[in-house]
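Colleague: Starting from the structure of chain A, add chain B where the hints point.
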Amino acid sequence: MPALLGYGSPRVLAFVRAWSIDHADRAELRAIRAELRGLGASLTIVSDGGTWSFRPDDDAERTTAAVYPDHLEVPRDRDALFVLDADDHVRFSYDAGGSLAGTLGEALAAAGAAIAAKPRPTMYTRREWTLTCLVAGFALAVFPGCKPRARSRARAKEAHVPPPPSMTTTELDVNLRVNGEPRALRLDARASLLDTLRERLGLTGTKKGCDMGQCGACTVLVGGRRVLSCLTLAALADGQDVTTIEGLARGDQLHPLQQAFVAHDALQCGYCTPGQIMSAAGLLAEGHATTDDDLREQMSGNLCRCGAYPNIVAAIRSVKGGA
Amino acid sequence: MHPFTFVRAPDTDGAVSAASAGDAAFVAGGTNLVDLMRLGVMQPRRIVDVNGLPLADVEDAGGGIRIGALAKHTDVAYHALVRERFPLVADALLAGASPQLRNMASIGGNLLQRTRCPYFRDPGTPACNKRVPGSGCAAQAGYQRSHAVLGTSEHCIATHPSDLCVALAALDAIVHTRGPNGARAIAFGELHTLPADHPEREHVLAPGELVTHVELPAASARFAKASRYVKVRDRASFAFALASAAVALVMDGSVIKDARIALGGVATKPWRSHDAEQILVGHAADPALFARAANVALQPAHARNGNAFKVPLAQRTITRALILATGSSGSGGAP
Chain A
1 MPALLGYGSP RVLAFVRAWS IDHADRAELR AIRAELRGLG ASLTIVSDGG
51 TWSFRPDDDA ERTTAAVYPD HLEVPRDRDA LFVLDADDHV RFSYDAGGSL
101 AGTLGEALAA AGAAIAAKPR PTMYTRREWT LTCLVAGFAL AVFPGCKPRA
151 RSRARAKEAH VPPPPSMTTT ELDVNLRVNG EPRALRLDAR ASLLDTLRER
201 LGLTGTKKGC DMGQCGACTV LVGGRRVLSC LTLAALADGQ DVTTIEGLAR
251 GDQLHPLQQA FVAHDALQCG YCTPGQIMSA AGLLAEGHAT TDDDLREQMS
301 GNLCRCGAYP NIVAAIRSVK GGA
Chain B
1 MHPFTFVRAP DTDGAVSAAS AGDAAFVAGG TNLVDLMRLG VMQPRRIVDV
51 NGLPLADVED AGGGIRIGAL AKHTDVAYHA LVRERFPLVA DALLAGASPQ
101 LRNMASIGGN LLQRTRCPYF RDPGTPACNK RVPGSGCAAQ AGYQRSHAVL
151 GTSEHCIATH PSDLCVALAA LDAIVHTRGP NGARAIAFGE LHTLPADHPE
201 REHVLAPGEL VTHVELPAAS ARFAKASRYV KVRDRASFAF ALASAAVALV
251 MDGSVIKDAR IALGGVATKP WRSHDAEQIL VGHAADPALF ARAANVALQP
301 AHARNGNAFK VPLAQRTITR ALILATGSSG SGGAP
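Residue numbers (the numbering used here), protein chains in the order written: chain A, 1 to 323; chain B, 1 to 335.
So that you can see chain A by itself, here it is in the shape it has in the complex:
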């Protein structure tokens, strides 16, 4: 999986001077993963030896750079941990006083407890954070494609070692209209539309199944047409209308397909359901399905491991008939 630094809501940044994934013990990694799942967060560990990106359900990935707000007060001689929300507000900060190595799981648990107890940001007043880019080991190299602003210039000055060319990446501006709402985003070029929806915009209704275009769980409408968001680079959706399962209902009024899936018991575990419904919405708009065989053929891009297919077909048929 790509490391989408700066993504996730919330995301956790841990500055741990002496830490390496090669020396971390399994129990600590398990604890980190469990706490991230609880928080629904991504974690970036910045250490002298490198930068690692964690997401709850993916393997940790070593990356070159961490992206964080330049107003973040990172202590130089002690370890610290910060939890940032989607707008980069600091929701929790923890100054370890010494080393965090070996106790990251506990620090994350404390973060979770503190956030649960104080649902509003209290550590800092709201500010417009400017994003700047600093590298592993606090300042080894400038993250390319990103211009450090005034406040970070002092640190950026130390950052004179360019990254190896093979790791060059770009960020770019991507404008989407998601469920009717304009979203101006600055994204890593590698970001999929799926990860952008789920981790940047917090729209977790769209599901990640296979992440390789074979299951249909990530189906959304782009420009009114059903596509697989896992294989869509967010950059390729620039300027487009994106509709996710969250955008289908009108207030409390479910979309007819949503009502039909409930009425026909067209799901068991429900994981594929948002993709099934979005795909069905695309199918109805296309208007190429007449018979049940057509429905089955034209829904073949959406797999259901529970085998709810007969009821899925019945649900779609009922809406098609009523349309």
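Please note that a few of the clues may not be correct.
Examples of chain A residues toward chain B, derived with CB under 8 Å [stated by the list, open to error]: (1) L172; (2) A189; (3) M212; (4) G213; (5) G216; (6) T219; (7) G282; (8) E297; (9) S300; (10) G301.
If you want the ones that stay clear, here's a sample from chain A, every Cβ over 10 Å from chain B, calculated [said to hold, decoys possible]: (11) A24; (12) D70; (13) A184; (14) D241; (15) G251; (16) L254; (17) N302; (18) N311.
Cβ pair distances, simulated, as ranges [stated by the list, open to error]: (19) B:E190 x A:D87: 50 to 58 Å; (20) A:R183 x B:D23: 30 to 38 Å; (21) B:G63 x A:L254: 26 to 34 Å.
I should point out that these hints are in silico values taken from the structure, not numbers from a laboratory.
We put the CB at the ideal spot given by N, CA and C, even for glycine.
Modeller: Coordinates of chain B only, in the frame set by chain A:
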């Protein structure tokens, strides 16, 4: 995913020059490229987005049609002119992938899609000559069910996965490109190369050479009344072919005046069988004749243990397609 720089091409020349130097890849729909990049199989340093180029139209071209390389599969498959003049193309397109993928995938990208050989797609497999030239071919003594029996070499038996390309091979399509040395037109049969000693080479395009159009010549529109695409796979939909056949005929009563036969799912490139076509021309449509042509088509096959079933399967697929295209009785279908 390996990092890359992302460039939006302002025009065709800009796209070509942005992709000519270094390790670059064009992206249109991205359905194959993004998948392979995420798997770590492809790691281009630069991605050139060509979606802004005006190459998405399907146009009348003097009785034939000209399809822009950026046209989506869905739009081509349901285009009235395509359905009227080249229904084989529409049928092949709708036999491939899923509706979501067909809404994303471009025609140009389809031509250059990479094989689904599981060893190619798994960087954990050390031996794949296509992925790492000179590393060997794990499929020669491994899983072979999805692999080719035609056009193989001791260095590669990976199948070309496209459905569309099978129809284009049958209909003598012409591929128009723009590259660092200007524009050129390539006969469809010349576009893809056999693996031979260099499985890493799959086509004759130069770095930075962009497919701009696919032309279906007016001369091939005469097959519209008697053509058929038959695809056999492990499930009824949304699966790659184990074997597929595109047949296109010109009939005079019950006599076959002209014939085209192409195969998919069984060959290392979209496979045209001129020898099988010759068996048919001048004879009355008849399942026994079809079976003879099918046998000739598979004459050059070199099957391995794991894919020997594909020889009779492909033969029966050809026979079936011919029966359907001519409206013959299906009673004598098995060769």
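Colleague: Hints first: check each against the structure and report whether it holds.
Modeller: Here is what the structure says about each hint:
Given the 8 Å rule on beta carbons, the hint for A:L172 holds: about 6 Å separates it from the nearest Cβ of chain B. Here the hint on A:A189 is kept, as its CB sits about 4 Å from the closest CB of chain B, short of 8 Å. Because the beta carbon of A:M212 sits about 5 Å from the nearest beta carbon in chain B, less than 8 Å, this interface hint is met. About 6 Å separates the beta-carbon of A:G213 from the nearest beta-carbon of chain B, less than 8 Å, and the hint is met.
A hinted interface residue such as A:G216 counts as satisfied when its beta carbon comes closer than 8 Å to some beta carbon of chain B; here the least separation is about 6 Å, so the hint holds. Because the smallest distance between the Cβ of A:T219 and any Cβ of chain B comes to about 6 Å, under 8 Å, the interface hint for this residue holds. At a threshold of 8 Å, the smallest CB-CB gap from A:G282 to chain B is about 7 Å, leaving the interface hint in force. Satisfaction of the interface hint for A:E297 is found here, the shortest Cβ-Cβ separation to chain B being roughly 5 Å, below the 8 Å cut-off.
About 4 Å separates the beta-carbon of A:S300 from the nearest beta-carbon of chain B, less than 8 Å, and the hint is met. The beta carbon of A:G301 comes within 3 Å of a beta carbon in chain B, closer than 8 Å, and the hint placing it at the interface holds. Look at A:A24: its CB is around 24 Å from the nearest CB on chain B, clear of 10 Å, so calling it non-interface holds up. For A:D70, the requirement that its beta carbon stay farther than 10 Å from each beta carbon of chain B is met, with the minimum near 22 Å.
The Cβ of A:A184 lies farther than 10 Å from every Cβ of chain B, with a closest approach of about 17 Å, so its non-interface assignment holds. In this structure A:D241 is separated from chain B by more than 10 Å, as the shortest Cβ-Cβ distance comes to about 14 Å. Non-interface call for A:G251 relative to chain B: holds, since the shortest CB-CB distance, roughly 28 Å, exceeds 10 Å. Consistency note on A:L254: stated as away from chain B, and its beta-carbon is indeed over 10 Å from all of that chain's, at 23 Å minimum.
A:N302, annotated as away from the interface, has a beta carbon of chain B within 10 Å; the closest lies near 8 Å. For A:N311, the requirement that its beta carbon stay farther than 10 Å from each beta carbon of chain B is met, with the minimum near 19 Å. Between B:E190 and A:D87 the C-beta distance comes to about 56 Å, which sits within the given range of 50 to 58 Å. Roughly 32 Å separates the CB atoms of A:R183 and B:D23, a value that falls within the hinted 30 to 38 Å.
Remark: the range hint 26 to 34 Å for B:G63 to A:L254 is contradicted by a beta-carbon distance near 51 Å.
In summary, the structure is inconsistent with hints 17 and 21 from the numbered list given earlier, while agreeing with the others.
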